[in-house]
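Heads up: the sequence shown at position 232 corresponds to 234 in our numbering, and the numbers run straight through without jumps.
Calculated from the structure, these hints are not laboratory results. Treat the hints with caution; some may be incorrect.
Subject to a maximum C-alpha distance of 27 angstroms in a straight line, what follows is the list of computed DSSO-like cross-link-like pairs (lysine-lysine) [stated by the list, open to error]: (1) K245 - K161; (2) K245 - K314; (3) K314 - K161.
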Amino acid sequence: MEEGVGSGHVFSSWFLEFVPAGNRGTWMVIFSFFWTIGTVLEASLAWVVLSALSWRWLLALSALPCFLLLPFFRITPESPRYLCAQNRMSDATAVLERMANANQAALPLGVLTYHGEPKTDYVTHNISEDEHLIPIREKKHTVVNAICSNTGAIATLRKLLSHNLLRSTLLLWFVYYASSFAYYGIALLTSQLSDVNRSCSSDLIFEMHQKDGNLYKDTFITSLAEIPGLILSALLVDWFGRKATMCCLMFACCAFLGPLVLHQNELFTTTLLFGARACGTGGTTVLCLYAPEVYPTSVRSTGVGIATAIGKIGGVVCPLVAVGMLRSCHQMAAILVFELVLFLAGVACILFPVETKGREMD
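The whole structure should be built from the sequences, with the hints applied where relevant.
Here it is, written out as structure tokens:
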């Protein structure tokens, strides 16, 4: 639901700004695990509610968790990095003191400062985040002038397309598009390919209406595939690196879908879709970790938001192209479209200019 209203990228960016660089990947996977729980619960809810009630009841029940979250916004702290970027040093210090008190710890001595230059070519040194965030010696800075000259949507977009960020931005746009295309496409393939004995005839549309119950059951089963995908990405992301993990999972998803260019038996089809869903989810999770790490705080939320919006276009185009081909009895062509998109996404992951494993967020 939070993804549907377009705030998911804000939440993930905010969360990552609180997490230390050393285990940021693992925590992002844990964060994404709750998305998977929501997916499984929503499929279960649809399976139960739509068999007895209408879609309006499903929509109303699905919206309830959003209302339950509203009271928590009053106690949710703002990101100290964002506050620093806005030159609100006293507010950022107050948030850090609140965090220290909650953990029964003390802040390092010194004065809070912020350096607003993006670190796209940053080389990791053996220095902790605390030493960068709260240095002992107070330094003069010109944050006010920097912010005043870089406000507004046009200035933000210009920064995203600047020399330092252009390559990362364009590649992220494509990989987000491909990931969304594949993620929603695999979910749709679950229903389209669930009955291998179904023939391409004029009865196809009628059969699909007859099998609504099977659709929710199949969606529930394949949603469970996201759990091993998250576990796999958690094991690899902080050890293997972001780029390599994304690349391997994209190519693995491509490999799982490959045999589906031909009609397969039901068990093999389900197994292949299960593996593709697991790898696709793992790759998308690492992508959602990588994108906020690439951008500096001043454009992080906007940059990830634009990439997410472009990704949603992939989710819209997917049923019009690939699934439409399946309904026209062109299964091989439909699967080859998925294969091409995923293969190009894997290549794009190799071409990302920055590896953000262990890298501090600006």
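Right, here's what the structure says about each hint:
Of the pairs offered as hints, the one joining K245 and K161 holds, with about 23 angstroms between alpha carbons and a cut-off of 27 angstroms not exceeded. Annotation: proposed proximity of K245 to K314 holds, straight-line Cα distance about 22 angstroms (limit 27 angstroms). Our distance criterion of 27 angstroms between C-alpha atoms is met by K314 and K161, whose separation comes to about 23 angstroms.
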